[in-house]
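Engineer: In order, the protein sequences belong to chains H and C.
Just so we're aligned: the first sequence equals residues 1 to 108 in our numbering.
Just so we're aligned: the second sequence equals residues 1 to 115 in our numbering.
Simulated from the structure, these hints should not be mistaken for lab results.
The beta carbon of each residue, even a glycine, is placed where N, CA and C say it ideally should be.
Just to be clear, a hint being listed does not mean it is correct.
[What the hints assert, rightly or not] Mimicking BS3-like on lysine-lysine, the simulated pairs with C-alpha atoms at most 27 Å apart in a straight line are:
(1) H/53 - H/1
(2) H/54 - H/68
(3) C/42 - H/53
(4) H/68 - C/42
(5) C/57 - H/68
(6) C/78 - C/57
(7) C/42 - C/57
(8) C/57 - H/55
(9) H/68 - H/1
(10) H/68 - H/55
(11) C/42 - H/1
(12) C/57 - C/83
(13) H/68 - H/53
(14) C/42 - C/78
(15) H/55 - C/42
(16) C/42 - H/54
(17) C/83 - C/42
[Claimed, not checked] Some chain C residues flagged as far from chain H (calculated, every beta-carbon gap over 12 Å):
(18) 35
(19) 39
(20) 43
(21) 52
(22) 53
(23) 64
(24) 115
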Amino acid sequence: KNEVEQSPQNLTAQEGEFITINCSYSVGISALHWLQQHPGGGIVSLFMLSSGKKKHGRLIATINIQEKHSSLHITASHPRDSAVYICAVRNYGQNFVFGPGTRLSVLP
Amino acid sequence: EPEVTQTPSHQVTQMGQEVILRCVPISNHLYFYWYRQILGQKVEFLVSFYNNEISEKSEIFDDQFSVERPDGSNFTLKIRSTKLEDSAMYFCASSEALVANYGYTFGSGTRLTVV
Numbered sequence: 001k002n003e004v005e006q007s008p009q010n011l012t013a014q015e016g017e018f019i020t021i022n023c024s025y026s027v028g029i030s031a032l033h034w035l036q037q038h039p040g041g042g043i044v045s046l047f048m049l050s051s052g053k054k055k056h057g058r059l060i061a062t063i064n065i066q067e068k069h070s071s072l073h074i075t076a077s078h079p080r081d082s083a084v085y086i087c088a089v090r091n092y093g094q095n096f097v098f099g100p101g102t103r104l105s106v107l108p
Numbered sequence: 001e002p003e004v005t006q007t008p009s010h011q012v013t014q015m016g017q018e019v020i021l022r023c024v025p026i027s028n029h030l031y032f033y034w035y036r037q038i039l040g041q042k043v044e045f046l047v048s049f050y051n052n053e054i055s056e057k058s059e060i061f062d063d064q065f066s067v068e069r070p071d072g073s074n075f076t077l078k079i080r081s082t083k084l085e086d087s088a089m090y091f092c093a094s095s096e097a098l099v100a101n102y103g104y105t106f107g108s109g110t111r112l113t114v115v
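Start from the sequences, fold in the hints, and give me the full structure.
Structural biologist: See below:
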């Protein structure tokens, strides 16, 4: 079974800072998903990656398949980015295994 | 943008009672999923559903649980004889295909509290 770890567990940043959240996994995967969970509990899909890099607005996600590692970057962070960011990985034909999440607080 | 809709947003039930959590997946999606998240813990996979049958289920999804797509639009999770430890946030998700690069769309969740 894939073990998914995230770092840091908690992160506090000042508005405008560049933020990096890391995800590592133990077994090769077919896809990796970055999710955002708001304080109310709802989950929003940010990215689905199987290789390379994706960018959406101020968010950038990268994945290194050989190193079994992915990063989520937030440029020019804003208080509304405060949420829990979850990495989830999937092996071929299987369902997602979720990481423990990184709790981000961006202070004004 | 299409959404996965879950109802109710919060359900409180007495221990031992049956509950039905409802989800309306995105209309052209073919794969449906239930996940749960106990407070303070990771999201966990419960079950996936395709072509009107369960395609995969986790160890958590025992005989207490069942899923159904009764009318071609709703996708329900039934929990029989609820226990205190069933208290959690339950998320429904759907996807267009099983291929790796197809994303999931999650519903906003139903918070189940068993008292």
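Engineer: Confirm or reject each hint.
Structural biologist: Hints versus structure:
1. Restraint check: the Cα-Cα separation between residue 53 of chain H and residue 1 of chain H comes to about 25 Å, which is no more than 27 Å; the hinted pair holds.
2. Distance hint between residue 54 of chain H and residue 68 of chain H is fulfilled; the C-alpha atoms sit about 17 Å from each other, no more than 27 Å.
3. With a C-alpha separation of about 25 Å, the suggested pairing of residue 42 of chain C with residue 53 of chain H holds against the 27 Å cut-off.
4. Straight-line distance between C-alpha atoms of residue 68 of chain H and residue 42 of chain C comes to about 20 Å, which keeps the hinted pair within the 27 Å bound.
5. The straight-line distance between the Cα atoms of residue 57 of chain C and residue 68 of chain H is roughly 26 Å, inside the 27 Å bound, and the hint therefore holds.
6. Simply put, residue 78 of chain C and residue 57 of chain C have alpha-carbon atoms about 14 Å apart, close enough for the 27 Å limit, and the pair holds.
7. Straight-line distance between C-alpha atoms of residue 42 of chain C and residue 57 of chain C comes to about 17 Å, which keeps the hinted pair within the 27 Å bound.
8. Using a Cα cut-off of 27 Å, the hinted pair residue 57 of chain C and residue 55 of chain H is violated, with the two alpha carbons roughly 33 Å apart.
9. This hinted pair checks out: residue 68 of chain H and residue 1 of chain H have alpha carbons roughly 14 Å apart, not beyond 27 Å.
10. About 20 Å separates the Cα atoms of residue 68 of chain H and residue 55 of chain H, which keeps this hinted pair within 27 Å; it holds.
11. For the given pair, residue 42 of chain C sits about 15 Å from residue 1 of chain H by alpha-carbon distance, which is consistent with the 27 Å threshold.
12. At most 27 Å may separate the alpha-carbon atoms for a hinted pair to count; residue 57 of chain C and residue 83 of chain C meet this at roughly 20 Å.
13. Only pairs whose Cα atoms come within 27 Å are accepted, and residue 68 of chain H paired with residue 53 of chain H is accepted, the gap being roughly 14 Å.
14. Of the pairs offered as hints, the one joining residue 42 of chain C and residue 78 of chain C holds, with about 21 Å between alpha carbons and a cut-off of 27 Å not exceeded.
15. The suggested pairing of residue 55 of chain H with residue 42 of chain C holds, with an alpha-carbon distance near 26 Å, which does not exceed 27 Å.
16. This hinted pair checks out: residue 42 of chain C and residue 54 of chain H have alpha carbons roughly 25 Å apart, not beyond 27 Å.
17. Restraint check for residue 83 of chain C and residue 42 of chain C: the C-alpha separation of about 19 Å stays at or below 27 Å, so the hint holds.
18. Against chain H, the non-interface label of residue 35 of chain C is violated: not every CB pair exceeds 12 Å, the least being about 8 Å.
19. With a minimum CB-CB distance of about 9 Å to chain H, residue 39 of chain C fails to clear the 12 Å threshold, and the non-interface call is violated.
20. Once the 12 Å rule is applied to beta carbons, residue 43 of chain C is inconsistent with being away from chain H; the minimum gap is 4 Å.
21. Look at residue 52 of chain C: its CB is around 18 Å from the nearest CB on chain H, clear of 12 Å, so calling it non-interface holds up.
22. Distance check for residue 53 of chain C against chain H: the nearest CB is about 15 Å away, which clears 12 Å, and the non-interface claim stands.
23. Consistency note on residue 64 of chain C: stated as away from chain H, and its beta-carbon is indeed over 12 Å from all of that chain's, at 20 Å minimum.
24. Look at residue 115 of chain C: its CB is around 19 Å from the nearest CB on chain H, clear of 12 Å, so calling it non-interface holds up.
Hint compliance for this structure: hints 8, 18, 19 and 20 are not met, and every other hint is.
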